[in-house]
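Sequences and hints are given; from them, build the entire structure.
Chain residues, written in single-letter form:
There are 4 protein chains.
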Amino acid sequence: MTTGFFRDITEIPYEGADSTNPLAFRHYNPDEIVMGKRMEDHLRFATCYWHNFVWPGNDPFGGQTFDRPWFNDTMEAAKLKADVAFEMFQLLKSPYYCFHDLDVRPEGADFAENTRNLNEIVDYFAEKQAQTGVKLLWGTANLFSNAKYMSGASTNPDPDVFAFSAATIKTCMDATHRLGGENYVLWGGREGYETLLNTDLGQEDQQMGRMLNLVVEYKHKIGFKGAILVEPKPQEPTKHQYDYDTATVYGFLKRHGLENEVKMNLEQGHAILAGHSFEHEIATASALGIFGSVDMNRNDYQSGWDTDQFPNNVPEVALAYYHILKAGGFTTGGTNFDAKLRRQSLDAEDMLMAHVGGMDVCARGLKAAAAMIEDGTMDQFVTDRYAGWQQPEAQAMLQGKRSLDEIAAHVEATGLNPKPRSGRQEYLENVVNRFV
Amino acid sequence: MTTGFFRDITEIPYEGADSTNPLAFRHYNPDEIVMGKRMEDHLRFATCYWHNFVWPGNDPFGGQTFDRPWFNDTMEAAKLKADVAFEMFQLLKSPYYCFHDLDVRPEGADFAENTRNLNEIVDYFAEKQAQTGVKLLWGTANLFSNAKYMSGASTNPDPDVFAFSAATIKTCMDATHRLGGENYVLWGGREGYETLLNTDLGQEDQQMGRMLNLVVEYKHKIGFKGAILVEPKPQEPTKHQYDYDTATVYGFLKRHGLENEVKMNLEQGHAILAGHSFEHEIATASALGIFGSVDMNRNDYQSGWDTDQFPNNVPEVALAYYHILKAGGFTTGGTNFDAKLRRQSLDAEDMLMAHVGGMDVCARGLKAAAAMIEDGTMDQFVTDRYAGWQQPEAQAMLQGKRSLDEIAAHVEATGLNPKPRSGRQEYLENVVNRFV
Amino acid sequence: MTTGFFRDITEIPYEGADSTNPLAFRHYNPDEIVMGKRMEDHLRFATCYWHNFVWPGNDPFGGQTFDRPWFNDTMEAAKLKADVAFEMFQLLKSPYYCFHDLDVRPEGADFAENTRNLNEIVDYFAEKQAQTGVKLLWGTANLFSNAKYMSGASTNPDPDVFAFSAATIKTCMDATHRLGGENYVLWGGREGYETLLNTDLGQEDQQMGRMLNLVVEYKHKIGFKGAILVEPKPQEPTKHQYDYDTATVYGFLKRHGLENEVKMNLEQGHAILAGHSFEHEIATASALGIFGSVDMNRNDYQSGWDTDQFPNNVPEVALAYYHILKAGGFTTGGTNFDAKLRRQSLDAEDMLMAHVGGMDVCARGLKAAAAMIEDGTMDQFVTDRYAGWQQPEAQAMLQGKRSLDEIAAHVEATGLNPKPRSGRQEYLENVVNRFV
Amino acid sequence: MTTGFFRDITEIPYEGADSTNPLAFRHYNPDEIVMGKRMEDHLRFATCYWHNFVWPGNDPFGGQTFDRPWFNDTMEAAKLKADVAFEMFQLLKSPYYCFHDLDVRPEGADFAENTRNLNEIVDYFAEKQAQTGVKLLWGTANLFSNAKYMSGASTNPDPDVFAFSAATIKTCMDATHRLGGENYVLWGGREGYETLLNTDLGQEDQQMGRMLNLVVEYKHKIGFKGAILVEPKPQEPTKHQYDYDTATVYGFLKRHGLENEVKMNLEQGHAILAGHSFEHEIATASALGIFGSVDMNRNDYQSGWDTDQFPNNVPEVALAYYHILKAGGFTTGGTNFDAKLRRQSLDAEDMLMAHVGGMDVCARGLKAAAAMIEDGTMDQFVTDRYAGWQQPEAQAMLQGKRSLDEIAAHVEATGLNPKPRSGRQEYLENVVNRFV
Ligand SMILES: [Co+2]
Ligand SMILES: [Co+2]
Ligand SMILES: [Co+2]
Ligand SMILES: [Co+2]
Ligand SMILES: [Co+2]
Ligand SMILES: [Co+2]
Ligand SMILES: [Co+2]
Ligand SMILES: [Co+2]
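Protein chains in written order, with the working numbering: chain X, 1 to 436; chain G, 1 to 436; chain F, 1 to 436; chain Z, 1 to 436.
One should not assume that every hint holds.
Just so you know, same-sequence chains aren't split out, so a pair can sit in one copy or run between any two.
Simulated pairs of lysine-lysine, DSSO-like, Cα-Cα distance not exceeding 27 Å [said to hold, decoys possible]:
hint : residue 1 : residue 2
1    : Lys-326   : Lys-135
2    : Lys-326   : Lys-401
3    : Lys-135   : Lys-93
4    : Lys-239   : Lys-419
5    : Lys-225   : Lys-148
Source of the hints: derived by calculation from the structure; they are not laboratory data.
What follows is the structure in structure tokens.
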């Protein structure tokens, strides 16, 4: 029995690349084997609750455009919303979903009512998960929408907001744990500042470090086995956000002794806003040992805000998966669509087609990335380019067995005068184009 | 006896705010006391060698526009250049200067000749310094202009380039030490990548960490008392530079055990390119304990490249000095103008007027910043805003004496429901405008 | 009798530059004479209705932060809102205000009810204007917030939306006319596209040109003597807006025969988003004969969206007024604050202080601009720089009396070889700094 | 007989999509028929002279990296350069090339010598063209590199520079005409300003309008049948360039009566810098009737300067050709690569591989675009979306047969209340992905 929201759509089949059916997969074929693993197990798709089931289509200059039967803040509506959501997860063959507390429960008058409401919905989700087999990729707390968080959650000048935030995180971690979530995510949309004029950077850093330590301590206390993930973003809504990008979060983790406890949830759109390519963020996190999961939604390169669009450029997505696969692929992480429809895409079909298109783009990207790795040309090129560092004298320098003046003496004595070698960027870009 | 380059200009007097003389200071009055210290000792101005005496006025679409008598790569020309340079430092009452090796010596055929040439010029500079009283704020090595550095200096795939770079740094540290330089700077203009396709991030990180450790070790070995400074920049010339911004460099320093050995040389233009305000970078470095020195040249906010213009906006410069003064002011650092004329500003007078204007803007900014601090309104506002954190329960949370579930229990038990308070941004901006 | 919203604040006096009273003007002194004219008559300040009295403080990641007694969509609330608004206009000594229909009236079930509601409020406004002396700088129609406009108003693929928009504009023009408004503004926030894939550019251009012609025809029909103004903006909310910037709108006006009928309402924030300085837009509009009015609210240069902040940088504002004064100053136009509080600035005082600060910045900018003009150094420099064009042969070329081959023959015959002259940018920037 | 520059490379064959030969075409097959026309005749590839044969690999922070035997400014070297260039055009099966005067001839002491040098090379080119069958897509004058143009060519404050520029354009138009060039291009890299402080916008507009009229008059005088093309760019090297983008140039053409005489040469990189997508610029020019030709080189979306990279993203290039084909395809225009190697790509092979990759990307893009057009789904969608405008009442509004008050009366009378319809953006993006 369905909710009727998707009318007569009861299945989105895989029909192969030649299909012109807008409600069929052309590339995402969950059981297809890529590099020895099922495509579903590589991609670990998750569908998000907030953009799909909560956002009314407003933007800074306009109001609601979507008309959904569950748009009122009652428990009944929350359950109808859950019914439609799980129906959609199944239609999309999406093995996972993600949510914030605020997405799924009615807003209560206080913390206690919030908690009761959340717990009631968690019960309902637990049933839904059991019925459908859909799993929770990650849970998180919305610590940015309510006015009380306007000046920050953990970094609020008011310690009561810190406390309220901590309490809210605890309930969300409990909910995630109970639902078997594979990760718990923190996105600090209000952890930052609007103006330095009213801000004490050092104090806020201390607060934020403490909160993340609280989270990690509590994770161990309750035996949550999932990963704790931080999602960086440089700005928006806040003028400056502390979790600016991977490199910044790494420094924060080191400062607070958390670099072995916390990993990154990386979003293409946030990478772009920080001036990076998505693959840069993935490769950086991987090199630093803190790669976790991705939000595979793109920003328009030419809009200065977070457009959270579904991915649609296969060559770009392929490079992202190339670096994910080189990092060993996902463990607890996955491919979440923190993506929203354009506000003019009003219909239930739009929601399905957007996901189908995004999932197909990811599937193509994954297959291309796997082919690049199996081909090996690119990897070999890099190995060869740095081969000189395998020589004994180079290793001696690298391992700290030569001092600056010893190296200088050697350069002077040998008249060493290195000649540049081509970096072959265009060749390598052409190689990529053989696969995408 | 003068070089004649500045014709009949033999002094740039301080004439006060009402002067309309384009070759007089209106605000920079070295001996004027600000917050108990001479203005000169606060600002510690430095004039750079490269943009003033080396750059021919070219840009990516056009060639030389400047016509300077020392534009040929001989030792004789190098000495004429030095004569004009020190004459300008004196005219400008600039207590300091800065240089790269390549700026000051003819390019040799190999490392040995480079070193001989540099040493000959260092002798000449030593005399000049003694004659004029002008001092060296910092020296540095140019590891980015020569084709051999096209794929990086310390991060080059070729270990011979690493060695050549190390040797060059050694000679530049020696030169800086001998000239009594108060800092040694590293700007990694080519330490980064053009494309991830040919790059091993982890390997390059290891190389760069080793090089900075070599520098620090050598500093201690030779007894150099100055600071080692890293100048961050996110991109340009390189697509991505590893020293992206202060937060990124902090993470790098922590990773390589250098956070107590190395400080930051921050440039307004580079802050902008990284998506930050200049004061953000200063305040961040200060909060992290790694603030060192500044390059006080601005970028056009709307050009995507490094325009290195002289500062001209007093309100912005005042906020920079506000954070510098709050950080305790400069110790070894100073206010360097890594600034260049527009390429249409052809004349010797342009060079002088540009500096005079920039120095006056800094002097106004400093005086305004000092007044803000002496007034105390802004500081008091911040203190009051965070006052709640001084309460015992807040301190207990902050110092790790409360767990997440304890805090949650407390929130639930007390029905704690914090109310937002105004952040007063506009009020604070108005307060700033009382001083600028 | 007051509404009580501003509690005990009954006057915002002018107290001069030394005042530290946050609710006093330090520079805006309406009767002070600048270049022979009262400051009020130069600046022609207007306070906007929407950001001050309608916006609840939401942003894309958070909801309402402001708590205002008139926040419900009834006629009674609309009148309370008007009471507070006119009280604020008086407190601020703001001679003008501006509004959209949607800001001031309850939303009706259909066009007829909208019109009735608007007319009822217009009656109320007429009384208020008579009581207070506050005048209407401009009226406008909100053709972007309601879902029906999501795909454009005049450029909607559905001609019914065009018709509905036209009807709405008519009622707003009638209202503006009746209230003695001095201008009527069109901002095409949804006139553009989200994706070219579903868009017919030529068709939409034709629609938009027709609508603007309808407006101009109706203006003449009803004898409205004010100016018709278009407010350009490149993007946000729409991915691409047709009224991108002044130069683009000029081409549109020429194409549709409207270049003598329509002028520009220029906003600093929109100039920035289009990649221009504010003074560029003013100077361009002035050179093209289409300068009208300004929205003097700034964007953060480093946020990619429209932050609509109050102006706070005197040197920038001074350059804007310099070009406005050079264009002859405002005629029907004025200085509107299309500016909003930061959403953390919760209180009634914040609203007042923000305007006071912005008005003071404008007053300082105006005085500085006037001083620059009276001084004449800058203008003379420009005149001298182009003086060669006054020579007869230069004039002959410019006026089309020489052909390309004639000029070439002349160059060859005379061996003409022009020498570059310094552009003196830094000198001129220093001159500006004598006044700001 | 070859120059030996490309060593043993004597042919770049078409080998089909499965080839892994880096010096073979995988998609560009000149004689393959696409939509009834040879691929070569659709794409009309041109190879540029400047980036390939003149640029030494420098950037703002580094010098020469390329080592080419023709790098000296003699006539002999100019001819060797031409030999290599035509050899490369043939290797690449590039039917066209493009050049500036400065690229191909030694710089003379004065205009007369420049002209003699150019003419000598034009003779040499004429022979080369006859021997090889390679044709000239367009010629142009370099009016930006020499210091005399630093403050503009036609817009220089010095009328002698205007005259020198005019004379230079005349010789370049003559050369282009003589070589059978199919277009003549003007790129105004220095037509703009660095600072408004020294600039008279109205005067410079008049100068620039006159120059373009001179060009058009001369074209007709000599019977040149090719198109006159303007290449817009918003900034770089100049802070603001007058030919900002297509819409801006359109306004300029209208103002100077040139809209039927001049068309656009559009570059992806310049579109990006102006805040537009490439397809936006093409579709806009097409809607305005001024589409001419393209420079198919991309910018990095995240670098703020003109990186002039070879195209490598098939989905983006496909959308460009989709709009070109919808505009009727090229007439005199073509696909020029105003693209340069990365400066680390040192070798002759890099130059070939870069072009091969770019041409293959274009070929794939063209085939995809043709398939989208033949499929018709997208076009039909757009037609259906605007179908309402075909109704009589809609046409009456559009054609000016209804006044604003008549429309309002109609809306009121009928209670017209339009309902929004989905814009289907994600669906359409998915449709595109069926073809790329
Ligand atoms: Co996002
Ligand atoms: Co996300
Ligand atoms: Co710089
Ligand atoms: Co610097
Ligand atoms: Co705005
Ligand atoms: Co506005
Ligand atoms: Co370009
Ligand atoms: Co081009």
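Now for the hints, and whether the structure bears them out:
no. : hint              : result
1   : Lys-326 x Lys-135 : within (26 Å within a copy, 47 Å between copies)
2   : Lys-326 x Lys-401 : neither (31 Å within a copy, 41 Å between copies)
3   : Lys-135 x Lys-93  : within (11 Å within a copy, 55 Å between copies)
4   : Lys-239 x Lys-419 : between (45 Å within a copy, 22 Å between copies)
5   : Lys-225 x Lys-148 : neither (31 Å within a copy, 48 Å between copies)
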